[in-house]
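Q: Starting from the known structure of chain A, fit chain B onto it as the hints suggest.
2 protein chains.
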Amino acid sequence: MQTKVFLKESEIPKQWYNLAADLPTPLQPPLGPDGKPVSPDMLAPVFPMNLIEQEVSQNRWITIPEGILDLLLRWRPTPLHRARFLEKALDTPARIYYKNESVSPAGSHKPNTAVAQAWYNKQFGIKKLATETGAGQWGSALAFACALIGLECKVFMVRISFEQKPLRKVMMQTWGATCIPSPSPETKAGRDVLAKNPDTPGSLGIAISEAVEAAVTDTTGQTRYALGSVLNHVLLHQTVIGLEAKKQLKLFGEKKVDIVIGCAGGGSNFAGLSFPFTNDKIHGAKIEIIPVEPTSCPTLTKGPFIYDHGDIAKMTPLLPMYSLGHSFVPAAIHAGGLRYHGMAPLVSQGVVEGLFKPMAIPQNECFSAAMLFARTEGIIVAPETSHAVAAVIRKAKEAKEEGKEKVILFNLSGHGLMDLYGYDLFVQGKLVDHELHQDEIDAALAELKGLPRPSLAKTGKW
Amino acid sequence: MQTKVFLKESEIPKQWYNLAADLPTPLQPPLGPDGKPVSPDMLAPVFPMNLIEQEVSQNRWITIPEGILDLLLRWRPTPLHRARFLEKALDTPARIYYKNESVSPAGSHKPNTAVAQAWYNKQFGIKKLATETGAGQWGSALAFACALIGLECKVFMVRISFEQKPLRKVMMQTWGATCIPSPSPETKAGRDVLAKNPDTPGSLGIAISEAVEAAVTDTTGQTRYALGSVLNHVLLHQTVIGLEAKKQLKLFGEKKVDIVIGCAGGGSNFAGLSFPFTNDKIHGAKIEIIPVEPTSCPTLTKGPFIYDHGDIAKMTPLLPMYSLGHSFVPAAIHAGGLRYHGMAPLVSQGVVEGLFKPMAIPQNECFSAAMLFARTEGIIVAPETSHAVAAVIRKAKEAKEEGKEKVILFNLSGHGLMDLYGYDLFVQGKLVDHELHQDEIDAALAELKGLPRPSLAKTGKW
Chain A
1 MQTKVFLKES
11 EIPKQWYNLA
21 ADLPTPLQPP
31 LGPDGKPVSP
41 DMLAPVFPMN
51 LIEQEVSQNR
61 WITIPEGILD
71 LLLRWRPTPL
81 HRARFLEKAL
91 DTPARIYYKN
101 ESVSPAGSHK
111 PNTAVAQAWY
121 NKQFGIKKLA
131 TETGAGQWGS
141 ALAFACALIG
151 LECKVFMVRI
161 SFEQKPLRKV
171 MMQTWGATCI
181 PSPSPETKAG
191 RDVLAKNPDT
201 PGSLGIAISE
211 AVEAAVTDTT
221 GQTRYALGSV
231 LNHVLLHQTV
241 IGLEAKKQLK
251 LFGEKKVDIV
261 IGCAGGGSNF
271 AGLSFPFTND
281 KIHGAKIEII
291 PVEPTSCPTL
301 TKGPFIYDHG
311 DIAKMTPLLP
321 MYSLGHSFVP
331 AAIHAGGLRY
341 HGMAPLVSQG
351 VVEGLFKPMA
361 IPQNECFSAA
371 MLFARTEGII
381 VAPETSHAVA
391 AVIRKAKEAK
401 EEGKEKVILF
411 NLSGHGLMDL
421 YGYDLFVQGK
431 LVDHELHQDE
441 IDAALAELKG
451 LPRPSLAKTG
461 KW
Chain B
463 MQTKVFLKES
473 EIPKQWYNLA
483 ADLPTPLQPP
493 LGPDGKPVSP
503 DMLAPVFPMN
513 LIEQEVSQNR
523 WITIPEGILD
533 LLLRWRPTPL
543 HRARFLEKAL
553 DTPARIYYKN
563 ESVSPAGSHK
573 PNTAVAQAWY
583 NKQFGIKKLA
593 TETGAGQWGS
603 ALAFACALIG
613 LECKVFMVRI
623 SFEQKPLRKV
633 MMQTWGATCI
643 PSPSPETKAG
653 RDVLAKNPDT
663 PGSLGIAISE
673 AVEAAVTDTT
683 GQTRYALGSV
693 LNHVLLHQTV
703 IGLEAKKQLK
713 LFGEKKVDIV
723 IGCAGGGSNF
733 AGLSFPFTND
743 KIHGAKIEII
753 PVEPTSCPTL
763 TKGPFIYDHG
773 DIAKMTPLLP
783 MYSLGHSFVP
793 AAIHAGGLRY
803 HGMAPLVSQG
813 VVEGLFKPMA
823 IPQNECFSAA
833 MLFARTEGII
843 VAPETSHAVA
853 AVIRKAKEAK
863 EEGKEKVILF
873 NLSGHGLMDL
883 YGYDLFVQGK
893 LVDHELHQDE
903 IDAALAELKG
913 LPRPSLAKTG
923 KW
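Line by line, the protein sequences give chains A and B.
Residue numbers 1 to 462, in our numbering, belong to the letters of the first sequence in order.
Residue numbers 463 to 924, in our numbering, belong to the letters of the second sequence in order.
Any given hint might turn out to be false.
What the hints assert, rightly or not - Here are the simulated SDA-like pairs of lysine to any residue, each with C-alpha atoms no more than 20 Å apart in a straight line:
no., chain 1, residue 1, chain 2, residue 2
1, B, K470, A, G253
2, B, K470, A, E9
3, B, K708, A, E9
4, B, K892, A, G176
5, B, K476, A, T3
6, A, K246, B, E528
7, A, K88, B, L469
8, B, K590, A, T376
9, A, K8, B, K590
10, B, K550, A, K430
11, B, K776, B, T525
12, B, K470, A, F6
13, B, K911, B, K476
14, A, K250, B, F468
15, B, K550, A, T3
16, B, K550, A, K247
17, B, K550, A, I149
18, B, K470, A, G176
19, A, K247, B, S472
20, A, K247, B, E471
21, B, K708, B, T525
22, B, K709, A, E9
23, B, K470, A, M1
24, B, K476, A, Q2
25, A, K8, B, E471
26, B, K470, A, E11
27, A, K430, B, T640
28, B, K470, A, F252
29, B, K712, A, E9
30, A, K250, B, L469
31, A, K8, B, E528
Hints are computed from structural coordinates only; laboratory data are not their basis.
Extracted from the complex, chain A is given alone in its bound form (with noise of 0.2 Å):
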């Protein structure tokens, strides 16, 4: 029986698809401070002029540039796997599927939008880039890619993962970039989080201010800033995995999928696996897709759709997002990747169109579902994808409950050797679930009183 099948060098697909070709209702545009669209114009301090044009296009399907198939082809097309061995131990009819992302040098998903940035950056004459990271899987994948391609590299590492975490800073130190716990003195958004809360365990949306301010206050021009996930762009980048999965899926002899799964924090990862499918369920196909996210951080499962900032300091547009406000900072859980207020645009207007169905997870049965996949599968999972497992085995179980034969599909976006810590306190017991309470959740969304609603807010919750 096969086991998992790889596509050669030359079957790596030359277009990535552009969801936002094929929502039922156009995607709405980022609105500047004054509730205006931004135009492309107002970006350019902070994105190259050639990625902010893709941010906005409307084209279905966009060529991926050879500079960049060289850089993909490192490390894809990334083989597709079969769960035979996780299948086994639940005893389940369903046919489980993986897409093993993990086996980029940077060990996630995440470089296949990092060399495709730093790449749009440097053919723009950009010498520099700055970002922030959450748990270190964006800026490990960042670092590396401005190694190979030869661009300066300068991350805000999220406070509470830098200290869980101290091996990534060095992980980018080898690939020459340098990497700084946030919030940092470096930058006024950092110094006035300090001033107000000298022990917090820092937040996405707090490391993404200070990025975006280190990148537009370089004087030289030469800075921009890159971002790991939430934009059209990045998840547009991470298409490549979902369309090699649907090849590998008919090499499998499979002629249909049921159920598509991702762990989502800002989106990319699902996006790139799911956002193929999603064509095919807005042509008619019957496809369950689900973003899984944590009860911790619950954005999809609790938070309204609404225009938000993405970051603490309001430096970036509004997005039209589903958002817990832009000042809410999560627990500390170990998926620092899903530790983010908001979610992307293009997953958010799925989740309100009804493309997307998203699950709420609490951090021990991730972990104890981690477990059962190291043990089975063999493969030790990031945090962050351990709640794409644990989403996964429900759904494995409930096909073994109706007795139907589901194909489940779900993308294992990265390996947890660099985030063992969290491993370690499960084993001991002293893991803690993080069950967001609606009156925490309500004081979050205050500030979200006074901003703008997509018009598209009547189908949703708020």
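A: Here is chain B on its own, set in the frame of chain A:
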């Protein structure tokens, strides 16, 4: 241009290659304390009989059981990469290829034999395996294999590595194994060392004694010992690496290879890549085959070819091998997997017979090579693997000086994501080179004086 080639699952080698069948002079047997050859029965308390039979087999090709193929297919075949970005940085006419064993779930080549040994033990009715580990690659691999197969696993980890890499323990725990620092108070061998030298960094020779003792003193008879290198059957299991690489070089259009390189601690990853090419060399091909070791543990380049014990407590038989003496404790370099006083008998005899040309390289040159590799090829290699990379760079520079289009193949035996502490010290300029002086070597070798000498020793150095 091709960056790497995969093989299909159906193209995985179906047989292991046994160099013992082709050595110009037959391999000499291990000896017991009485100086007489050890019979298979005498090894029965240590290893299951099916592996003992494999250890002494003279068959050239040994069929890989379906059950083991099924386990290997979790991650094999591994990709073969062309290092064209490193080539460019070195401006060399050499074409450099590497077999990427870092994509296994445990991060190295070690699972190739771990799953085989676990499978044979399980077949034989064994319930538990005891082993030692240096840097942790082997212990992790055996823990991984035991999880998949359903065996208990106990790992004695060399103390200096246990302290440098605390998360290795967590990795093994995640796969259900227990891991303790060696020397430990749990065994007589460990207690003896601790009594003499409570602050010892430990060594593979000490940890082997403890693991063998733990296996043979289990009165239920259901525990055996597993070794991650050195022995014939271990090297045999690794030959899938070289057998796959041969097919893949052809897919790259290469008709011959000029230089084959692997780092060598006990010899298994070196053997796994090189033995199938050694067969070609024995039959007339002109290939330079280089095992690379640290200057701080120069077994092949400074030790004699002699009969010595594999461990400090003399629990193992006497093996015909290069050795620095069984109580030699190497300096605490970061390539923990290369800190072994001896060398696989098959590799040792290959050196005596002139098939292999060993090379020793100091630690800082190796980390420097690894940094260049990370920033060109993108992969952060294990400190052990960095020795192979350093040798490749020396050879690629030679090719440039000579203006020759050499084809160089090396084994990327593992990634360094669990070993970033060494990179941190290197970046900070704090890494020390431990060049071993002749008087230290002479002192270590003194204990070998009374031991038997293999008949082939006349062609050796001592």
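Q: Now tell me, hint by hint, if it's right for this structure.
A: Hints versus structure:
1. B/K470 / A/G253: holds, 16 Å
2. B/K470 / A/E9: Holds, because 13 Å separates the two Cα atoms, which is no more than 20 Å.
3. B/K708 / A/E9: It holds: about 19 Å lies between the C-alpha atoms, which stays within 20 Å.
4. B/K892 / A/G176: holds, 17 Å
5. B/K476 / A/T3: holds, 16 Å
6. A/K246 / B/E528: violated, 29 Å
7. A/K88 / B/L469: violated, 27 Å
8. B/K590 / A/T376: holds, 18 Å
9. A/K8 / B/K590: Distance ~40 Å between A/K8 and B/K590 Cα, so the pair is violated.
10. B/K550 / A/K430: violated, 49 Å
11. B/K776 / B/T525: Between B/K776 and B/T525 the Cα gap is close to 33 Å, so the pair fails against 20 Å, i.e. violated.
12. B/K470 / A/F6: holds, 7 Å
13. B/K911 / B/K476: violated, 44 Å
14. A/K250 / B/F468: The hint holds at about 19 Å.
15. B/K550 / A/T3: violated, 36 Å
16. B/K550 / A/K247: Distance of about 33 Å is beyond 20 Å: violated.
17. B/K550 / A/I149: holds, 13 Å
18. B/K470 / A/G176: Violated: B/K470 and A/G176 sit about 35 Å apart, past 20 Å.
19. A/K247 / B/S472: The hint holds at about 18 Å.
20. A/K247 / B/E471: holds, 17 Å
21. B/K708 / B/T525: holds, 18 Å
22. B/K709 / A/E9: holds, 17 Å
23. B/K470 / A/M1: holds, 13 Å
24. B/K476 / A/Q2: Roughly 16 Å separates the two Cα atoms, so the pair holds.
25. A/K8 / B/E471: At roughly 13 Å apart (the allowed maximum being 20 Å), B/E471 and A/K8 satisfy the hint.
26. B/K470 / A/E11: holds, 14 Å
27. A/K430 / B/T640: Between A/K430 and B/T640 the Cα gap is close to 19 Å, so the pair holds against 20 Å.
28. B/K470 / A/F252: holds, 13 Å
29. B/K712 / A/E9: Between B/K712 and A/E9 the Cα gap is close to 16 Å, so the pair holds against 20 Å.
30. A/K250 / B/L469: Distance ~18 Å between A/K250 and B/L469 Cα, so the pair holds.
31. A/K8 / B/E528: Since the Cα atoms of A/K8 and B/E528 sit roughly 26 Å apart, the hinted pair is violated (cutoff 20 Å).
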